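Q: So the chains spell out like this:
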Amino acid sequence: MRGTAAIYRRDIKKFLSNPFVIIMTLFMPIMYLVVFGNAMGGAITGVPVGIVQEEPYLDPTPLFQSSSEALSRLAQPGEAPTFAVRFFSSETSAKGALAAGGLVAVVVFPSEVSNTHAVRLYLDSSDFAVPALVESGVRGVLQQQGFGGGLEVNRVYGEIDYFQFFGVGVIVMAIFMSTMMGGVLSLIRDWELGTIEGYLVTRVKRSSIVLGIVGSGTTKGFLAGTVIFVVVLAITGVPFPDAGTTLLVLLVLAMISAGLTSLVFFIASRLRNQQSFAAVNGFLNLMLFMTSGAFYPVLGMPGWLRALTVVNPEYYAVHALRSLILRGQGLGAIAVDLLALGLFAGLCILLGISTFRRTLE
Amino acid sequence: MTPVERGQDPEIIRVEHLTKVFGRGATAITAVDDVSLSIRRSEIFGILGPNGAGKSTLIRILTTLLTPTAGSARVAGFDLVREPGRIRSVIGVCPQAGTLDLELTARDNLEFYGHLVDYPRAELAGRIRELLAFAGLEDRAESVVATFSGGMRRRLEIVRAFIHRPLIIFLDEPTIGLDPEARHEVWEQVARLNAEKTTVILTTHYMDEAERLCDRVAFIDGGRLIALDTVERLLGLVPSGDLVEIRFDRITGDVVDRLRDDPRIGFLEVREGTIALRALNGGRLVPALLGVFEEAGLAVTSLSVRTPSLEDLFIYLTGKEFGAGAATNADSTGAGRES
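Chains as they are written, first to last, in my numbering: chain C, 6 to 366; chain Z, 4 to 342.
Derived by calculation from the structure, the hints in this document are not laboratory data.
In this text the structure is predicted, and so the values were computed from the model without any measurement.
Cβ atoms here follow ideal geometry from the backbone N, Cα and C, with glycine treated the same way.
Heads up, none of these hints are tricks.
Partial pick of chain Z residues on the chain C-facing surface, computed with a CB cut under 10 angstroms:
1. 63
2. 87
3. 88
4. 100
5. 167
Here chain Z is said to cover these stretches of chain C; the calculated rule only asks that three of the stretch's residues, wherever they fall, bring their Cβ under 8 angstroms from a Cβ of chain Z:
6. 199 to 209
7. 359 to 366
Just chain C, same shape as in the assembly (with noise of 0.2 angstroms):
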């Protein structure tokens, strides 16, 4: 009984003498429910959809205007408009911009509606509940209208079940993980044990200490996103890319792991201890991967949450991911997350360094 007590008694010293530890423990699940919760539970709004008269030079039909219209002020009660609606002229540039992503889909009006000309929509099925979305609304609409004509719907990357979505968040994912378990730890490690003392009076330079930690890290976590790449692919029956493409998915996969290890490297540069780093850990994977469409379309969460995704790193690997992936996209449509995650693997870097301190105070 004595020895029970003192047990308990030493761990609840150990717990209080780190506040900082405490605030992350009950921080997490209030952080939880808002992040998950609006990141989950959102009502999608804003899809961008493009609209487009099979023969622009012709007057507008009234099935076009009447619809384009009705398609703008579709909301759920209380939301903005679900739809982000853009008039295009023609109909090979509305594709143009769906390929290339900025748009969701594109519902193409022939100038004269029959049974044989019937309104077509063309779906990035490549995401979650959008194009369920789309279809659903494109639909009440036409119906809304008295329109007894077909509506053709095509899904140009094929059917992707939501399995096959979230696999390819998951590689993101195990690369997170695998940053939390080497890389930074191993130097945390260091602090403990205080073998980090034999080497700070050695002649070796910060900068050399961050970038061989950001180094390792990166090379753990690109071999750890590989195999979970080839798993993913295996498990959800996606199909294996071309050569080219997966050299590209390579690159993606060694940018966010560069970009998350320096990251938990500058986030965790002052911490000393393994508990304060898996509390920060837990923290972090939660942000991150909660905002990074991994999970749920970034077009269902609030305005804060979408523009949290912009800083994110995961949000752009997630979406280089998906569009080489499942879309079978090239270089074009990842240009703008290498970009973003070359700058933060950067920025982080060079904070890290900054903020790094070779004395034990």
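Fit chain Z to the given chain C structure using the hints.
A: Chain Z only, in chain C's frame:
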């Protein structure tokens, strides 16, 4: 290169009014308190003091791991605060806590540091062989350090600090926790390092270690420097010579009085079954002492003569015992205070 690096300046480290305070307000602790000292090229310099005296803090400041709260220091001619990078290139440090990578082999550990200190690539393998031989670990080069004994780890760590032939090598408690044999091996190693003209600065709370190894020692207590000189001269500070201890079964007041009257005896204390006294050249006094007992018909069960140690000096200087190991010198405490 600075004059110190070229070997022109006989002084390799100068510390002036160095102070280190940890924390603020009521909980502030002054670990190093206004210490000034100078260390000479190629000497073995000991920093002595009980646990918590501030030795490790002083070493950590001099090795750029901690920044001083006040005061200044130059190490090999470089300013501690402004040129820490240049100091790091000319020092080798063996910290008190084990800093080897236990999951790596002895060779891996040395190689890692070889790269950190920028040792010429082509010569590194040869240098590592040399150091492993120096540490007597050639046959264990490929074993992971986790399988090493405490003494082997220490020897490896010391040669690791020496990999780039630093001007100055700092050893923080190099023999702490080692058995007597391992301590002797480390001492030999330190002496050999010094033979290569490296200045060795070591902290210790073992007096015998300092007496055996150091050219000069600095006593630190409560963060303050209380004495600094060669071991010989410091021992000269302890008054009234050797310590003589006589044990007996029975004694008379007459004998005690006769001893007290002897002008060669500086101080005398009687305890239960023991007389402790101090005298210059105590050894020569032995026949006379025995004679006094014999004349009175009393038996002496044992007699010991011992030259004062640094431990006695420390007790003399601070008026307090030096750790638990000082228990046997309780008598000399009294002597020190009185004289």
